[in-house]
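Protein chains: 2
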Amino acid sequence: MAKERLVVVGGDAAGMSAASQARRLKGPAELEITAFERGHFTSYSACGIPYWIGGQVAGRDELIARTPEEHRARDIDLRTRTEVVELDLPGRRVRARDLESGAESWTAYDKLVLATGARPVRPRLPGIGAHGVHGVQTLDDGRRLMDDLERSPGRRAVVVGAGYIGVEMAEALVRRGYAVTVLHRGEQPMATLDPDMGGLVHGAMNRMGIVTVSRAEVTKILTDEEGRAVAVATAAGDEYPADVVVLGIGVEPRTALARAAGLPVGTSGGLLTDLSMRVRGHEEVWAGGDCVEVLDLVAGRTRHIPLGTHANKHGQVIGSNVGGGYATFPGVVGTAVSKVCDLEIARTGLRERDALEAGLRFVTVTIASTNTAGYYPGAEPMTVKMLAERRTGRLLGVQIVGGAGAAKRVDVAAVALTAGMTVDQVVSLDLGYAPPFSPVWDPVLVAARKAVSAVRAAGV
Amino acid sequence: MAKERLVVVGGDAAGMSAASQARRLKGPAELEITAFERGHFTSYSACGIPYWIGGQVAGRDELIARTPEEHRARDIDLRTRTEVVELDLPGRRVRARDLESGAESWTAYDKLVLATGARPVRPRLPGIGAHGVHGVQTLDDGRRLMDDLERSPGRRAVVVGAGYIGVEMAEALVRRGYAVTVLHRGEQPMATLDPDMGGLVHGAMNRMGIVTVSRAEVTKILTDEEGRAVAVATAAGDEYPADVVVLGIGVEPRTALARAAGLPVGTSGGLLTDLSMRVRGHEEVWAGGDCVEVLDLVAGRTRHIPLGTHANKHGQVIGSNVGGGYATFPGVVGTAVSKVCDLEIARTGLRERDALEAGLRFVTVTIASTNTAGYYPGAEPMTVKMLAERRTGRLLGVQIVGGAGAAKRVDVAAVALTAGMTVDQVVSLDLGYAPPFSPVWDPVLVAARKAVSAVRAAGV
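Keeping their order, the protein sequence lines are chains A and B.
No gaps in the numbering here: position 219 of the first sequence is 219 in the working numbering, and each next residue is one more.
No gaps in the numbering here: position 70 of the second sequence is 70 in the working numbering, and each next residue is one more.
Hints were generated in silico from the structure; no laboratory data involved.
One should not assume that every hint holds.
Label-pair ranges, simulated between beta-carbon atoms [stated by the list, open to error]: (1) A:Ser105 with B:Gly378: 14 to 24 Å; (2) A:Thr219 with B:Thr328: 58 to 68 Å; (3) A:Asp196 with B:Arg361: 48 to 58 Å; (4) A:Arg143 with B:Thr328: 53 to 63 Å; (5) B:Asp75 with A:Ala368: 52 to 62 Å; (6) A:Asp274 with B:Gly300: 29 to 39 Å; (7) B:Glu150 with A:Pro330: 28 to 38 Å; (8) A:Asp274 with B:Arg175: 27 to 37 Å; (9) B:Arg175 with A:Ala368: 43 to 53 Å.
Pairs of lysine to aspartate or glutamate residues, derived as EDC-like cross-links and limited to a Cα-Cα distance of at most 20 Å, are as follows [said to hold, decoys possible]: (10) B:Lys3 with B:Glu380; (11) A:Lys26 with A:Asp110; (12) A:Lys339 with B:Glu380; (13) A:Lys26 with A:Glu83; (14) B:Lys339 with A:Glu380; (15) B:Lys3 with B:Glu69.
Here a beta-carbon is modelled for each residue, glycine too, at the ideal position from N, C-alpha and C.
With the rest of the complex left out, here is chain A (with noise of 0.2 Å):
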């Protein structure tokens, strides 16, 4: 039989981890493995940026699991900063451009992964190309960020968004000594929970110093005569001077190759895949990480969820797939969890508005309760938002806002939605408790006994 091309295309956690799985697999005598990536680095965690330009961690390399150097040792022909910009599916092969040359090749393959990653929203504003506006998606991203920041020290910074990267980016600035506004568009921040859940992370975020601005429509970067940002100004007419501005607006699945070949893509624009992470109708590509819409159980539809943990499961299917064994990836709950400064936030499954859009009757209950034994040394506060369905008592979704614990928590939540439970069968799991970790009846589980009550009071 002859050796069989693997190509890949993006070397960050999904592209990585199938290249490698597959790799496990099949030695380099049955499977060629050849991999683009246009940065500079491969398997990093662009989820740690945060806290390396916090301080948290010490420098950019912490953040990397595999090196180009690590990959190649493995026999993968690894090609950093070379970008794939044409993909020819009915020749099998790819045109990548070396990015320092401009040099480009053809390069045939018998089976392709897709991993192609996102890219930060970045509204067309006069400025936003100036100097001192940063995005934070990758870890070239990052590096530019870091150098500004220490070549041009400043004392104010305004983050656009209030979502993960958002707040993240908040409490990394605040630790670097900024005085930190977040302009965002929203009701409330962190537009991933219910605005009252928000509405305890807006509170919090106020308290810790940081500025939140609401409702705010950013219409342009004001910059100096040498081009730099030196302020932020909304559509309200406010101005926000800025020493560096950092966008967290969100990300949209980096498609286009795709698109223009034809492949299927969903509402957001991320490719779709079987259960196997096949791109549907395409027996020879697969596609994985934040280029694609994954299923969410709980909503029955598909959405475009970027995130670390689930590209490396993808990467794991593919690479077990195109390595000639066998896996699947079921779909997500939705389940996230950040925090910003001592703040835990975390969520699972439908928020109200999803499962209004999924066309879910649904009852909500929220309680206040403690990370720990009420009696507990530091135990802090913990609210937890419920959403059940009417009739059936199925849990829909879970929102937990609190102290120490809080965001892990929804783990709970995440595999009760996996497995179907209603709340009913939830007030009987059979949780950890010790005093140091849970008061005797966990939040969790006294927002499933109310919910309980409100599932029977709302009747059909």
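Use these hints to put chain B onto chain A, whose structure you have.
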């Protein structure tokens, strides 16, 4: 309809939860509630006693969720220092003794709740009743120990037993400045874990300066002329000097009364109930808390698992049922969490010996990971052991030992066990990921990945 009479025997978690829930559903015009409690206190956290002794919790009163007066204010006729000494089931009445006056009287019931709790195992050894030898099962026990520590401060403590209470009391006494020696009969401390995992606890305790002596059979408590304990002697002929001795050998269901009345008990002596917590074969008698056996859903048998969190749930279920509502307690999966100083310890499901005893064929895997992303500051080691059934790949049990966040990590496995998930399904779980909270592959998922391979390698 005549007013119904509910009698509750035992005024801690299960009994008073049942009384309170019944009262919530039925007012005093419909239901008369009488509760008998031998001790001075009601509705307290016995699990909190080590933290009161250790000084983290300021005072005893903080451990009391609801005082006798508060219960009485809610129309519960609560009689403290009153012990029920006979159950007359055919006559539907109980005989109670006032422990202050010695006076006895009969109280009739329509429905009876038994919540008599557990009592510490006290081996019949010379000196076991000496001054300075303490159990820590009830708040009265805790008060006696606390008084003793304050009146006769010493330097050396011996803890007998290395289960949850033993290790927690070891920590408490270290915090009070004692040199602590823990004597235990097993190969390793924490026999609720497999010995390999107990070995990790052993090493950590030694590094904290706690001396542990394994395979130690206590034969005698040596006393001075005034009858105060001065040392603990073992079968090996060793003597361990002690200014205070704490017994943490375990507890057994306090069911002598119930057995005398002919109620059914299991192999551990705990009462046997149906799923509504009604004593099997007895329409009008309910039982819950540390005096019952609970159904172990993984092993398919009943066990005695004395834990405050179960007791509270039992009380809630019993109170709903005796109050005219409907609730059930489906069983447990054997989750327990604890800590000794900064080391967190958790288990759920079956240990190797449990799985063997249950007639299961299984594989075990153990992995080393960290509680946060490896590069995040303060990342601490976390070891996860996982058992999975051969052939089916069904998850059977998880044990975790490690740094902050290790203990409650086990809840993920507890929910997965309840749902009957396979380790393949666990690998795909959508757990919260962000660098301050987890590596990109959560340690539980890493263990599950390894378990999947082990199941495949093991064949049928």
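A quick look at each hint next to the structure:
no.: 1; hint: A:Ser105 with B:Gly378: 14 to 24 Å; verdict: 47 Å, violated
no.: 2; hint: A:Thr219 with B:Thr328: 58 to 68 Å; verdict: 59 Å, holds
no.: 3; hint: A:Asp196 with B:Arg361: 48 to 58 Å; verdict: 50 Å, holds
no.: 4; hint: A:Arg143 with B:Thr328: 53 to 63 Å; verdict: 58 Å, holds
no.: 5; hint: B:Asp75 with A:Ala368: 52 to 62 Å; verdict: 27 Å, violated
no.: 6; hint: A:Asp274 with B:Gly300: 29 to 39 Å; verdict: 38 Å, holds
no.: 7; hint: B:Glu150 with A:Pro330: 28 to 38 Å; verdict: 58 Å, violated
no.: 8; hint: A:Asp274 with B:Arg175: 27 to 37 Å; verdict: 57 Å, violated
no.: 9; hint: B:Arg175 with A:Ala368: 43 to 53 Å; verdict: 30 Å, violated
no.: 10; hint: B:Lys3 with B:Glu380; verdict: 59 Å, violated
no.: 11; hint: A:Lys26 with A:Asp110; verdict: 15 Å, holds
no.: 12; hint: A:Lys339 with B:Glu380; verdict: 19 Å, holds
no.: 13; hint: A:Lys26 with A:Glu83; verdict: 26 Å, violated
no.: 14; hint: B:Lys339 with A:Glu380; verdict: 19 Å, holds
no.: 15; hint: B:Lys3 with B:Glu69; verdict: 23 Å, violated
Of the numbered hints given earlier, the model fails hints 1, 5, 7, 8, 9, 10, 13, 15; all others are met.
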